[in-house]
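Each chain, letter by letter, is given below.
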Amino acid sequence: MKRTAIALLLTLTFPLTAAAAELSAADMLKILAEIDDRQRNGGDYKALCYLEQKEKDKADIVRELIVFRRDTDDKLMLLFTKPKSEEGKGYLRLDKNLWLYDPNTGKWDRSTERERIGGTNSRRSDFDESRLAEEYVPTFDGEEKLGRYEAQVMTLKVKEGIDVAAPVIKMWVDKATHNVLKRQEFALSGRLTRTALYPRWQKMFSESKKADVWFPGEIRIFDEVEKSNSTLVLFKSVDLAALEANMFTKAWLESKSR
Amino acid sequence: MKTFLLIGSVVLGGLVGLLALALGLTLLAGLIAFVVMGVRSPSKLTMLLRMAWANLLASRINLVIGGLIAGGTVVFVVLGSLVSSLNDSMARSVVGSVAGNIQIYSAKSKDDVALYGNMGGEPDLTAMTTFPAIKEALEKHPNVKTVVPMGVSGAVITPGNVVDRALERLRALYRAKQGDVVPALKDVPADELAQRIDAQKSHVRQIIKVLNADAQKAAAILADKALEPEVAQALARVSSDEFWTGFDADPFDALEFLENNIAPQVTDAQMLFLRYLGTDLDRFQDSFDRMEIIDGARVPNGQRGFLIAKFLYEEQMKLKNARRLDKINTARTLNERKIATDEELQRFVKENRSQTRDIVLQLDAIKTKTAVELLQAELGVAETDLSALLTRFFDMTDETFDRRYAFFYEKLAPLVELYRVRVGDTLTIKAFSRGGAIQSVNVKVYGTFAFKGLEKSPLAGATSLMDLMSFRDLYGYLTADKLEELKEIKQATGAKEISRDNAEAELFGGDSQATIVAEATPGIIDADKELTGAARKLRNEDLIRRVYTSEEINSGVVLNAAVVLKDPSKTARTLEELRELSDREGLGLKAVSWQQAAGLLGQIITGFSIILLLSVLVIFFVAGIVINNAMMMATMQRTAMIGTLRAIGAQRALVLGMVLLEAVTLGFVFGLGGIALGALVVQLFHAIGIPAWNDYAYFFFSGPKLRPDLSPTNLGVAIGIIFGVTYVATLVPAFIATRVSPLRAMQADT
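In order, the protein sequence lines correspond to chains A and B. Residue 1 is where the first sequence starts when you use our numbering, and the numbers rise one by one after that. Residue 259 is where the second sequence starts when you use our numbering, and the numbers rise one by one after that.
None of these hints come from the bench; they were simulated from the model. Don't take every hint at face value.
[Stated by the list, open to error] Below 25 Å or equal to it, Euclidean Cα-Cα: the simulated BS3-like pairs (lysine-lysine) are:
1) 107/A x 576/B
2) 84/A x 754/B
3) 578/B x 688/B
Make a model of the complete structure from these sequences and hints.
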């Protein structure tokens, strides 16, 4: 009986002891690369998203949009479909430029990485493919319980010369599945700017990738500067079928509201 | 500021109280002198008056007292006239430009209306959604002439850099060529379109040439670190003849390459903050007589349109080199400043010398050649580089300035865009709506305007005018229909509400049954089906209904409104009556005077008035003490005379009356003299006009000169204060004089 109890105790404590061990830089980069790779599709990607922004004393901002991605060319386009007043507006990322198009004026404006998509707390990077391993250098902070999940916590600092919305990110990654559960973004000054929670991940088999593609089913974003502001991003539906060859152009987006 | 106003009110109240007390005491003294203390007969009064008159200039002390009274009065009359003239001119400007006599806004508003903004930005006003009913109710008041709806907001304009703008024009031309509807180009024939495309392409090629030259210079200084390889490659590609010969095969592809790879290399884009007042432009232009169109024309009735404030147009939208030249010219001609001795003017010259890029990038190959030839001839040099020629040209001195200033406007200005936005252009304004989302509108710029008397006011000159329909589009007020639409989208999605404090527990808590990863099945997303075409339909309808009726303009959200009165002298009474009307009819309005609505501007005037009152209070307080002391000395000097009077039977009442009457006569004569002198000074200022020595003075004077007018109220108050102060200051010496006994007088003689 005593031996059984010791064996059971050893069995239970061994993984925890192992988990407490510090992750090496290579281990962390491997995790980041895995996170990136899971979300990357070899071919095209299309998602129907729902956006909801809550702000104090204001009516909720509600939007629906379609996200188009062509990961092989690093191209991204967001096309707003609802409500009527927003229909036809869109964002288009070409190389290092993020363009905003408004069919009401027929104008294109060059925007930045920090652009609040549709006036919400979401950003271009929330809809684009993940490039954590390429853009950041991680350091290990330890392990923490996040609800019922055991999470590995790491701080990512942006590499020199790369323009990103968040130069420092603190990230909680599910130890068992390596899914991102939570990320906090900081300004260079160290000020916390927003917290994002990822309660649901979904995966779907991709013919072009010949493997599963992962995407967040839901993102809850909390503004840490204006504490009463928050954004909900729901990925309602995803389609991995091939997109039109020439659609990542200004002309294509303009044509949708003509 | 409220504390300041409170102090002001207390001081004003105190002063009025003091005045009333002084007048009361004067009357009381007269009464006592005549009835109680024996100066009942007119003959005695005549005698006392003669004595007072005889003593008036007999004593040096009286002259000192008289001088003080006269000096204080002059100061009061002149200062009072200046402040009341400032107040009047500002009132005319503010009331006649934007405020009206009274402003109304929703009583539910968090902040008070501030037409020229507050330190912390725009006030938070709750929208009035029943404006037609409010207007109808207010216009029934017999003194209300009209009610003009309005609202103030702001937007940031990012017109892009010079390459962005050139490429945007080229894109629009190609879109028009392929048959798209481009409103600005809809009437341009095909052959002219082709010519314009060629000219625009030539301009872009010239820009690329300049960028290439810059890159070569940078490479010479910084070696291989000057340009990133991909930028260098992009520049090489767009500099090649192949790129331009193949341009027309796929112009949009070529344009995207230029927009994404070349335009970001130019960093001259400037953001411009635009504050605008959305209003019923027809009614506004008819109701506010201080508004005048400077360039262009007024917005046609019922149409959307934009009028840029001239001050802003010159300060923010003009080519910087030209603006600096204007400033140097004004400083030299109006203020007689010299480049040789004035550090600010030297700085302008230095900036003009070093900042020639804006001009260089604006010119295409032909215009560059023309500019080079013109400058070579003007400067008498053989230099061929435009940038170097411009640097030499802008190196101006007092001797060369006038000639070169004229040359710039005659020869160079026609080659460049002097203003970033031109009259007739369509301006895209992008603003955060009330809900926080971004809204954009296109509005045609019909002209520039200024409010007479406020032309140089940075506060008033920072606000442009926009039609109310465009204002509402940008404001993004959610109508019942729009709210219902959002509700339906939310319901269809069925998103769960989670509070921030509880989010982690709810989403990751132990009780949650959800797994972190789930298998998903592909969905079919058809963009064309999702796009209903509703927005396109709305835009097309809007294009058709370009002219709006007065009812359409009034029916919609309004943030505040100007009430213009038939008889402005009854403003205070009408204000009260409108407040009562709002309460009675449940309109839910706050009504405030123009001073309150003008925010900081209105408070500046109140501040001036308070400073005047405080100055007057201090002047007359000091004068009162000096008069008191002087009268005491005068009484002491006349002990013998008073004793003799007492010895020959004069009662104390007579002595009291004599001293008081003497003081009052003194105050009357010198006070009137002071008033006359003060009035003369005011009239002199009025005739000459006090010139505004800088922009701030121009702003406070509401024009280039202040011409003060005499205020009857000020004169009345001046007389009252003189009598009051003289009387109060004389009371103690007068009573001391009554205590002089004949015996003491005789002792004094011995």
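Consistency of the hints with the structure:
1. Restraint check: the Cα-Cα separation between residue 107/A and residue 576/B comes to about 23 Å, which is no more than 25 Å; the hinted pair holds.
2. Proximity of residue 84/A to residue 754/B is assessed by CA-CA distance (about 24 Å); at most 25 Å being required, the pair is judged to hold.
3. With a C-alpha separation of about 24 Å, the suggested pair residue 578/B and residue 688/B falls inside the 25 Å cut-off, and the hint holds.
Hint compliance for this structure: every hint is met.
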